[in-house]
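Listed below, chain by chain, are the residues.
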Amino acid sequence: MNQTLRKTRTFLWVYYAYMVEYRAELILWVLSGSLPLILMGVWIEAAAGGQFGLRPVDFARYFLAAFIVRQLTVVWVVWEFEREVVEGRLSPRLLQPIDPVWHHVASHVSERLARLPFALLLVGLFFLLYPQAFWVPSLGQFLLFLLVIVLAFVLRFLIQYTFAMIAFWTERASALEQFWMLFFLFLSGLIAPLEVFPPLVRQVTLWTPFPYLVYFPASILIGLPVNLGQGFLAMLGWSGLFFGLNRWLWRRGLKQYSGMGA
Amino acid sequence: MPIVIVENLSKVYPVAVKEPGLKGTLRHLLHRTYRPVQAVQDVSFQIEPGEIVGFLGPNGAGKTTTLKMLTGLIHPSAGRVRVAGHVPFRRDVKFLHKITLVMGQKQQLLWDLPALDSLKINAAVYGIADKEFDWRVSELVEMLSLKEKLTQPVRKLSLGERMKAELLAALLHRPQVLFLDEPTLGLDVNAQVSVRDFLKEYNQRYDATVLLTSHYMADITALCQRVLLIHEGQLIYDGNLDGLIEQFAPYREVKVELAQPRTEAELRPFGELKAVDGTIVRFLVRRGTLTQTVARILAQLDVVDLTVTEPPVEEVIGQVFRAGVVA
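Taken in order, these protein sequences are the chains called A and B. Position 143, counted from 1, in the first sequence is what the working numbering calls 143; the numbers after and before it change by one each time, with no gaps. Position 112, counted from 1, in the second sequence is what the working numbering calls 112; the numbers after and before it change by one each time, with no gaps.
Misleading hints may appear alongside valid ones.
[Said to hold, decoys possible] Label pairs and their in silico Cβ distance ranges:
#	chain 1	residue 1	chain 2	residue 2	range
1	A	L121	B	K200	51 to 57 Å
2	B	A218	A	L31	41 to 47 Å
3	A	A17	B	A16	55 to 61 Å
4	B	S77	A	G229	26 to 32 Å
5	B	G24	A	R6	53 to 59 Å
[What the hints assert, rightly or not] Simulated pairs of lysine to aspartate or glutamate, DMTMM-like, Cα-Cα distance not exceeding 25 Å:
#	chain 1	residue 1	chain 2	residue 2
6	A	K7	B	D134
7	B	K98	B	E264
8	B	K98	A	E21
9	B	K18	A	D99
10	A	K255	B	E132
11	B	K156	A	E87
12	B	K23	A	D99
13	B	K106	A	E45
14	B	K106	A	D58
15	B	K106	A	E84
16	B	K200	B	E148
17	A	K7	B	E201
18	A	K7	B	D42
19	A	K7	B	E232
20	A	K255	B	D134
21	B	K94	B	D112
22	B	K156	A	D99
23	B	K147	A	E21
These are computed hints drawn from the structure, not numbers from a lab. No residue lacks a Cβ here, since even glycine has one placed at the ideal position from N, Cα and C.
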């Protein structure tokens with residue numbers, strides 16, 4: 001237990017130091033996640049004219065929450081892992097008595113900590129420009145959001161890390177991620193909240209993993225009604241499925257791995 | 001009891017075959033054909049604890065593939081491997097604590113951080129306590145003369161310093177078996193010498209076993225009592241360096257200084273002429289006829305001075321690989 005704690009601490013602070021080395025890049029990454037803020041403008045305009053069941057201010061809050069969710073759940077492990085496999089840099093990692101995934105987990109978690117101040121600054125700026133949208137979630141909502149956002153990150157990470165395993169066979173696993181991104185954009189709630197989807201599409205979508213990566217946590221944060229039971233069940237179910245698939249592919253992949261050029 | 005046991009080890013890789021041109025590309029896209037490539041073929045050897053063994057062979061001979069099988073990175077197609085009593089491919093935690101692999105062209109240190117940060121990660125991974133960590137680092141820093149370099153970002157270090165820092169990181173957990181793949185690649189002569197000296201000292205201090213590949217013969221001659229020669233996946237020699245020259249260099253160079261110059265036609269009957277420079281003549285003479293030939297030269301020519309030398313080991317090995325001969 002003590003050892004685990006020590007490993008966790010060391011990994012987190014070393015990778016935090018690593019991320020802070022790229023301050024300028026970090027700001028750009030934060031800004032590159034501002035697609036929801038652009039769509040917010042579009043939807044506020046649309047809501048003023050049409051009937052969507054949500055007021056303009058709800059759209060503003062929803063997309064701000066979506067922005068926050070994106071900031072906290074960004075995952076890039078497939079590109080890193082693919083590079084490690086193709087360049088053979090996975091080899092030295094495999095020779096250490098720790099699963100290489102912990103390096104990726106640590107770098108993702110530390111990056112979150114390094115990115116947080118910039119993201120909060122942007123949120124503050126937003127409220128300054130649009131004070132009507134200001135809201136404070138209740139403590140219960142907030143705690144629930146924290147739990148769901150951790151689960152959303154875990155699910156997102158598991159899915160992408162599972163795609164990453166394909167690098168053992170094709171060396172271009174990120175193509176799969178790009179393809180998946182297409183569905184993610186539409187079905188996660190990043191482009192529009194599920195409230196505006198046709199009822200049938202919405203029902204079907206709620207059984208896929210996508211809405212739980214953006215829509216579900218964002219709705220909890222701003223207090224839109226969601227089916228918590230179904231949400232948790234779907235998140236745990238999909239996480240379990242991808243975890244199993246991931247470990248299976250990992251074991252098969254290692255046999256396949258020839259340490260290209262290593 | 002040997003620490004490394006390799007028996008009839010083989011590795012076959014499937015390699016995709018693609019014909020040139022558009023037609024070949026389309027065929028490659030639709031129906032991929034693979035050709036098996038025998039990277040390592042029926043290799044057997046054993047290494048005793050504390051030995052430093054050089055692993056020689058031209059590019060693509062199967063050295064790195066063998067090292068990868070010995071460290072457990074890849075699965076052998078056939079044969080048996082035991083390193084420190086473990087089956088490498090299982091990569092047991094205990095096994096990983098006992099070995100290390102250093103690759104001259106690969107790095108494990110985080111590029112943008114001081115090496116010390118990467119070392120802290122290694123310490124956590126291998127469960128080395130803080131006090132012990134400080135002690136080991138200061139010991140290795142002294143052996144490698146790396147003072148004050150550990151707190152600079154790795155990208156600011158020279159190639160030689162970086163290689164030393166890599167060695168430090170790879171040896172922090174004090175492994176018993178070191179696999180080194182071109183540890184001096186690209187280093188200048190001074191850095192090569194200090195890396196070599198360090199390896200020798202580490203080997204003596206901890207009775208560590210070392211298997212190393214290098215393209216610099218100086219590494220091999222300075223460090224290894226024993227060499228393994230691999231060619232096209234097959235082990236063609238296992239023994240000491242002198243024996244290697246005995247076996248693969250059937251010629252000796254006989255250098256003669258004559259009292260007065262002779263024509264090539266006059267000299268040719270004594271042996272193959274390597275070079276004639278005024279009164280200095282170099283012959284290549286078969287080992288078997290050396291004594292007779294030298295006797296004839298001394299009897300029939302006006303000799304001021306005569307020396308017999310073995311060809312340099314680089315030349316011998318180069319010759320073996322070029323000819324692809326297995327004597």
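Tested hints:
no.	hint	result
1	A:L121 / B:K200: 51 to 57 Å	holds (56 Å)
2	B:A218 / A:L31: 41 to 47 Å	violated (54 Å)
3	A:A17 / B:A16: 55 to 61 Å	violated (42 Å)
4	B:S77 / A:G229: 26 to 32 Å	violated (52 Å)
5	B:G24 / A:R6: 53 to 59 Å	holds (55 Å)
6	A:K7 / B:D134	holds (17 Å)
7	B:K98 / B:E264	violated (61 Å)
8	B:K98 / A:E21	violated (34 Å)
9	B:K18 / A:D99	violated (36 Å)
10	A:K255 / B:E132	violated (36 Å)
11	B:K156 / A:E87	holds (22 Å)
12	B:K23 / A:D99	violated (43 Å)
13	B:K106 / A:E45	violated (54 Å)
14	B:K106 / A:D58	violated (52 Å)
15	B:K106 / A:E84	holds (11 Å)
16	B:K200 / B:E148	holds (23 Å)
17	A:K7 / B:E201	violated (31 Å)
18	A:K7 / B:D42	violated (42 Å)
19	A:K7 / B:E232	violated (43 Å)
20	A:K255 / B:D134	violated (38 Å)
21	B:K94 / B:D112	violated (31 Å)
22	B:K156 / A:D99	violated (29 Å)
23	B:K147 / A:E21	holds (24 Å)
In summary, the structure is inconsistent with hints 2, 3, 4, 7, 8, 9, 10, 12, 13, 14, 17, 18, 19, 20, 21, 22 from the numbered list given earlier, while agreeing with the others.
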